[in-house]
Amino acid sequence: MNGESHLLPFELYEHYFDDVYQYLLYFTNNQQEAEDLTQETFIRVFKNYQYFKMKSSIKTWIFSIAKHVAIDQYRKNKLISIFPDFLLQTRKSQIGNPEKEIENKTDWELLQEALLKLKPHYRNVVILRGIKEYSVNETAEILNWKESKVKVDYHRALKLLKKYLKSDEGGVIYEENAR
Amino acid sequence: MKEGLFMKRMQDDDFLKPLKNRPGLKARQEFKRDLETKLQGLEVQKRRYQFLKVPLLLGLAFLLIFAIFSENILEQFNSRTGENKSQFSHDENKDDLIDQHSKADDIIKWNGSLYINNHDGSEIISGELIGMKLGAINKKVAINKEALLDGEATKIEEGTMVYYVANTENIAIKRNDEWIMYQLVGNKIETLSENEAMKIAKRFAPNEQISWNTELIKEPSILDIPELKANSNPIWRVIGTYPMGNIDLFYIDSITGVVLSTGDMEKEGFGEYADDFIELKELKDHLDKTTYVYSGEIKLLLSEKAKIELKNGTSILVSLSGEESSTQLDPIQIVNPKDKISVPFEIDLDSEERIHKMLGNLKLFIELKDEQNVIIYKKEIKAFSVE
Numbered sequence: 000m001n002g003e004s005h006l007l008p009f010e011l012y013e014h015y016f017d018d019v020y021q022y023l024l025y026f027t028n029n030q031q032e033a034e035d036l037t038q039e040t041f042i043r044v045f046k047n048y049q050y051f052k053m054k055s056s057i058k059t060w061i062f063s064i065a066k067h068v069a070i071d072q073y074r075k076n077k078l079i080s081i082f083p084d085f086l087l088q089t090r091k092s093q094i095g096n097p098e099k100e101i102e103n104k105t106d107w108e109l110l111q112e113a114l115l116k117l118k119p120h121y122r123n124v125v126i127l128r129g130i131k132e133y134s135v136n137e138t139a140e141i142l143n144w145k146e147s148k149v150k151v152d153y154h155r156a157l158k159l160l161k162k163y164l165k166s167d168e169g170g171v172i173y174e175e176n177a178r
Numbered sequence: 000m001k002e003g004l005f006m007k008r009m010q011d012d013d014f015l016k017p018l019k020n021r022p023g024l025k026a027r028q029e030f031k032r033d034l035e036t037k038l039q040g041l042e043v044q045k046r047r048y049q050f051l052k053v054p055l056l057l058g059l060a061f062l063l064i065f066a067i068f069s070e071n072i073l074e075q076f077n078s079r080t081g082e083n084k085s086q087f088s089h090d091e092n093k094d095d096l097i098d099q100h101s102k103a104d105d106i107i108k109w110n111g112s113l114y115i116n117n118h119d120g121s122e123i124i125s126g127e128l129i130g131m132k133l134g135a136i137n138k139k140v141a142i143n144k145e146a147l148l149d150g151e152a153t154k155i156e157e158g159t160m161v162y163y164v165a166n167t168e169n170i171a172i173k174r175n176d177e178w179i180m181y182q183l184v185g186n187k188i189e190t191l192s193e194n195e196a197m198k199i200a201k202r203f204a205p206n207e208q209i210s211w212n213t214e215l216i217k218e219p220s221i222l223d224i225p226e227l228k229a230n231s232n233p234i235w236r237v238i239g240t241y242p243m244g245n246i247d248l249f250y251i252d253s254i255t256g257v258v259l260s261t262g263d264m265e266k267e268g269f270g271e272y273a274d275d276f277i278e279l280k281e282l283k284d285h286l287d288k289t290t291y292v293y294s295g296e297i298k299l300l301l302s303e304k305a306k307i308e309l310k311n312g313t314s315i316l317v318s319l320s321g322e323e324s325s326t327q328l329d330p331i332q333i334v335n336p337k338d339k340i341s342v343p344f345e346i347d348l349d350s351e352e353r354i355h356k357m358l359g360n361l362k363l364f365i366e367l368k369d370e371q372n373v374i375i376y377k378k379e380i381k382a383f384s385v386e
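Chains as they are written, first to last, in numbering that gives the first Met the number 0: chain A, 0 to 178; chain B, 0 to 386.
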């Protein structure tokens, strides 16, 4: 039990709004989507607060809700993204020199783009462990993983992220575990 | 393949630093305020701790007066349903949606959308309402769409509509100092009854000889099964016992009716199987619905009845039944056939759709081959998610 256990839902909102929003922004790289998902997350927090038993940290509870919301959205986007992706690739080839475009991109943009290429479970572990710097224990609680899985998958995710960054910009890289 | 430009610029230690300082991390203040207003409508009663400080007698007196007062209001509603109009004059400052101390029966829960219909069935208001308590008076309800009142479209300002929850069927809305009662129509959340839960389980095991028992687990966190532990709704555990004593287990979400997990137990002991020369012990498995990965460990033990000696080079593969080509694992060498052999496996189910398809019907196919690649043992077992 920590000091946050006495917080009421509205106080939780004040306390965790920024962190939740940032997590969802990293996950989506889209301000509008991050706002929508933040709203959905806190509505679920308010709806389910009465069922929260205070047996785990309230922080990890809120983030596990945000994670579910983000993954739900990811699945919805995945379903409708097949055709637009195809169009996007066609458009890319007409824009001019892709290398020039990459040169103009800042470091964070390149990293964020690479992050979005990761599967959601890898993306989550990079955001929570690497960017938000949550402990292995907190990350494991949020993702409902064992701590050993957090360590292994974090390592694999970073490796993959670097692989994407190293890759030729126009090329396609498949994730190691993709079949 | 040339090295990426970013990688040239960054040292490994600083790998994620640019993302930590990326622009846009601060949310729009306007959005934060808007959401705050919406959530205010859902805020639980903050005064409960203050209320505890009030002397007991004063508190009881207050509750008594309030109870009598509420009863009068309900009577007025009931007596004037035909007219669809009532006048009230009670305290409107009570701003709680759900009092945490309320009994579950007193709370009307809504799953997202709410439609408030006129007595003739015409829809007048639609929007979002999270939950409300019977008898609650509230000024803050997240109604975010246009409402049609008296034939005129009126934009109801978010968080300002005053309503009173008369009963599970009706809601009164205050307009121009008058209370008007409307029917509630929406996605009210109902808890599954014992019979409904049993009915769901019976679909998976339609055998008339099975006798059924149920148990409502109000706090899923007490369960040892990870994916059930995190379930926010109470869970029905439905147990079907066959005449021979073996049982089927079903865990069903008491609100959504989704079958969360299934399993079975042999009469002799949980997770134990037997064969002429191989005993399969302790199938421990776990289905991660987030990463779509089904993983676990199977322990094999050479039985005393074994007529075939397993030699070095014997291989085993574990696959999903009927899908050998798509999910089979690399063969695992048995070094010492007399030892207990632990076989870890991990099968990527690829998608949520496949998980749904497999749930309740997940079977593993175990196959042993000798060094000449001849199958010497095969068995199909029903899998389940336990840890």
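Since the hints were derived computationally from the structure, they do not count as laboratory data.
Incorrect hints may have been included.
Unchecked claim - Computed cross-link-like contacts, DSS-like style, restricted to lysine-lysine with a CA-CA straight-line distance of at most 30 Å:
| id | chain 1 | residue 1 | chain 2 | residue 2 |
| --- | --- | --- | --- | --- |
| 1 | B | 217 | A | 118 |
| 2 | A | 158 | B | 288 |
| 3 | B | 217 | A | 116 |
| 4 | A | 161 | B | 31 |
| 5 | A | 104 | B | 25 |
| 6 | B | 19 | B | 31 |
| 7 | A | 58 | B | 362 |
| 8 | A | 58 | A | 75 |
| 9 | A | 118 | B | 25 |
| 10 | B | 31 | A | 145 |
To be verified - Stretch-level coverage of chain A by chain B, calculated; a stretch enters the list once three of its residues show a Cβ under 8 Å from a Cβ in chain B:
| id | region |
| --- | --- |
| 11 | 9-23 |
| 12 | 35-46 |
| 13 | 111-122 |
| 14 | 125-131 |
What the hints assert, rightly or not - Cβ-to-Cβ under 10 Å is the rule here; a few derived chain B residues that face chain A:
| id | residue |
| --- | --- |
| 15 | 17 |
| 16 | 20 |
| 17 | 23 |
| 18 | 30 |
| 19 | 34 |
| 20 | 39 |
| 21 | 225 |
| 22 | 231 |
| 23 | 252 |
| 24 | 255 |
| 25 | 256 |
| 26 | 289 |
| 27 | 353 |
| 28 | 362 |
Using N, Cα and C, we set each Cβ at its ideal position, and we do this for glycine too.
Verification of the supplied hints:
{"no.": "1", "hint": "B:217 x A:118", "in the structure": "violated, 34 Å"}
{"no.": "2", "hint": "A:158 x B:288", "in the structure": "holds, 24 Å"}
{"no.": "3", "hint": "B:217 x A:116", "in the structure": "violated, 40 Å"}
{"no.": "4", "hint": "A:161 x B:31", "in the structure": "violated, 34 Å"}
{"no.": "5", "hint": "A:104 x B:25", "in the structure": "holds, 21 Å"}
{"no.": "6", "hint": "B:19 x B:31", "in the structure": "holds, 21 Å"}
{"no.": "7", "hint": "A:58 x B:362", "in the structure": "violated, 38 Å"}
{"no.": "8", "hint": "A:58 x A:75", "in the structure": "holds, 26 Å"}
{"no.": "9", "hint": "A:118 x B:25", "in the structure": "holds, 25 Å"}
{"no.": "10", "hint": "B:31 x A:145", "in the structure": "violated, 34 Å"}
{"no.": "11", "hint": "9-23", "in the structure": "holds (count 6)"}
{"no.": "12", "hint": "35-46", "in the structure": "holds (count 6)"}
{"no.": "13", "hint": "111-122", "in the structure": "holds (count 5)"}
{"no.": "14", "hint": "125-131", "in the structure": "holds (count 3)"}
{"no.": "15", "hint": "17", "in the structure": "holds, 4 Å"}
{"no.": "16", "hint": "20", "in the structure": "holds, 7 Å"}
{"no.": "17", "hint": "23", "in the structure": "holds, 6 Å"}
{"no.": "18", "hint": "30", "in the structure": "holds, 5 Å"}
{"no.": "19", "hint": "34", "in the structure": "holds, 5 Å"}
{"no.": "20", "hint": "39", "in the structure": "holds, 7 Å"}
{"no.": "21", "hint": "225", "in the structure": "holds, 6 Å"}
{"no.": "22", "hint": "231", "in the structure": "holds, 5 Å"}
{"no.": "23", "hint": "252", "in the structure": "violated, 13 Å"}
{"no.": "24", "hint": "255", "in the structure": "violated, 13 Å"}
{"no.": "25", "hint": "256", "in the structure": "violated, 18 Å"}
{"no.": "26", "hint": "289", "in the structure": "holds, 6 Å"}
{"no.": "27", "hint": "353", "in the structure": "violated, 13 Å"}
{"no.": "28", "hint": "362", "in the structure": "violated, 21 Å"}
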